[in-house]
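Q: Protein chains in written order, with the working numbering: chain A, 1 to 251; chain B, 252 to 465.
Everything labelled a hint here was simulated from the structure, so no lab data went into it. Some hints here could point you the wrong way.
Unchecked claim - Using 20 Å as the maximum straight-line C-alpha spacing, the simulated SDA-like pairs for lysine to any residue come out as follows: (1) A:K171 <-> B:I362; (2) A:K106 <-> B:K344; (3) A:K193 <-> A:S119; (4) B:K256 <-> A:G247; (5) B:K379 <-> B:A283; (6) A:K93 <-> A:K106; (7) A:K202 <-> B:A283; (8) A:K206 <-> B:K344.
What the hints assert, rightly or not - Listed next, the stretches of chain A that the computed footprint assigns to chain B, with coverage defined by at least 3 CB atoms under 8 Å from CB atoms of chain B: (9) 25–39; (10) 92–105; (11) 118–130; (12) 166–173; (13) 189–197; (14) 201–213.
Just so it is clear, CB atoms sit at the ideal spot from N, CA and C, and this is done for glycine as well.
The chain contents come next:
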Amino acid sequence: MRFTLHIWRQESARAKGHFETYAIDNISADCSFLEMLDQLNERLINDRIAHPVCFDNDCREGICGMCGLYINGRPHGNDDGITTCQLHMRKFKDGDDIWIEPWRAKAFPVIRDLVVDRSAFDKIIQAGGYISTTTGGVPDANAIPIPKHQADMAMDAAACIGCGACVAACKNASAMLFVGAKVSHLALLPQGKIEAADRVRKMVAKMDELGFGSCTNTYACEAECPKLIQRQDISRLNRHWIGSLFGRDRK
Amino acid sequence: MNIPKIHSISKKILVALLGAFLSIFLLFHASANLCILRHDGGAWYNAFCDFMGTNYVVKVFEIILLGTFLLHIGLTIWLAITNKLARPKGYHKPQRSKTHTGSKLQVWTGILIIVCLFLHFMDFYFVKLGLFDGNLNFYEQAREKFQITHIAICYLVFFVVVWFHMRHGFAAMFQTLGLYNYKYGKAIEVIGVIYATVICLMFAAVVIGVYFGL
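Between the sequences and the hints, there should be enough to build the whole structure, so can you do that?
A: Take a look at the structure:
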């Protein structure tokens, strides 16, 4: 297959970026998107054309949340429920023009080319996305009974890999789906319920402080989430937020 | 001085609650408007207008309503500015994600509603306040205005815009107030469509009825 790639190139966080066009051919339809970029980089290095294109990646099997490219107007490209590393070139037509951009958000500044700084998500987690219990020995799995549907919902929310596609897709660069998932997966379980009100207050405050936008219910985040996190987690976040305003543990 | 910070979710919740209040008022307004279709020389409608213009409880309610409306707009503008700042540099390729179009239209339908409401107030509310000249008999004023083709068309377009705004706003309100889940999600959306349609049809019935001499 042959493609014309339009890739965002930016020397550093402070440099002014621009799109660079590269033609690439002999790409297998079964090759993954990141492998295609690897092949491009090999050519850029071997033919001494330019510096290789920088992009984030790690596990390349859709579980680490490192990769994240905005491809032809969609985070993670033209498929549902996948990360960029799970996108294959067979999803494109031979001869396609492919526009590759980094996540765009004030809270996710570009470091270089297609790599953005997503430590804002870490800061939100540090603000309250944990259970502050003293750990002892591993408790018996059946010591705290949890209804199946409750456990399933918590597990679904816990599937969030923090890739940032929700922020990238949202027209307001809102992190509500991410925060909703993190709040939900803890608050749905008895161990996390105790600090739920305090947690939601701290995480939302941090989210606002870091400059993420607010949710205007377009649900682009839900449509683009590689782990299929649902909008009801945002609703649950809102519910917990309202509860936290009147909660007894309000400090 | 320490100014308490209003978090983004709190702003959204306020917008949703104010929107809910305005939606209930619209039902009240549309029901009263139907009196215009009665062939009683405006007795019912003018009695209603008289009650609205003289009752002190209503006068307080009028101030609350105006405040609600201005706060709904003000908070939305505030949120829109914050949202714009959250993405200083946009994407080159337009977004192709599957989204709810209603949400993307919400700001624009909101702006259109403000413009249309101003024109509506020029015909009625501002006349009552003495800011504009016009017939203080609103029954006659309405019957006169709605028989003019371009005014009738403008009002019908206005109701379509209100329908779009309410249709999305209704379901979004449930989501923002944390009342949405997948079990009742579809039902909430359907009820929202029905509610918006009923209200807009009630308004439109008056304009169409008067225009065709009913």
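Q: Now tell me, hint by hint, if it's right for this structure.
A: Cross-check of the supplied hints:
Note on A:K171 and B:I362: the hinted pairing holds, with a Cα-Cα distance of about 18 Å set against a maximum of 20 Å. A C-alpha spacing of about 18 Å is found between A:K106 and B:K344, which places the hinted pair at or below 20 Å, so the restraint holds. As the CA atoms of A:K193 and A:S119 are separated by approximately 26 Å, the hinted pair breaks the 20 Å bound. Straight-line distance between C-alpha atoms of B:K256 and A:G247 comes to about 18 Å, which keeps the hinted pair within the 20 Å bound.
Straight-line distance between C-alpha atoms of B:K379 and B:A283 comes to about 17 Å, which keeps the hinted pair within the 20 Å bound. Among the hinted pairs, A:K93 with A:K106 is inconsistent with the structure: their alpha-carbon atoms are about 33 Å apart, more than 20 Å. Only pairs whose Cα atoms come within 20 Å are accepted, and A:K202 paired with B:A283 is rejected, the gap being roughly 47 Å. Our distance criterion of 20 Å between C-alpha atoms is broken by A:K206 and B:K344, whose separation comes to about 30 Å.
Residues of the segment 25–39 of chain A lying with their CB closer than 8 Å to a CB of chain B number 0, which falls below the three-residue condition for coverage. Counting residues of the segment 92–105 of chain A whose beta-carbon sits less than 8 Å from any beta-carbon of chain B gives 4, enough to reach three: the coverage restraint holds. Look at the segment 118–130 of chain A against chain B: 0 of its residues bring a Cβ nearer than 8 Å to a Cβ of that chain, fewer than three, so the hint is violated. Residues of the segment 166–173 of chain A lying with their CB closer than 8 Å to a CB of chain B number 4, which satisfies the three-residue condition for coverage.
Counting residues of the segment 189–197 of chain A whose beta carbon lies closer than 8 Å to any beta carbon of chain B gives 0, which falls short of the minimum of three for the stated coverage. By the rule of at least three residues with a Cβ nearer than 8 Å to a Cβ of chain B, the coverage given for the segment 201–213 of chain A holds, with 7 such residues.
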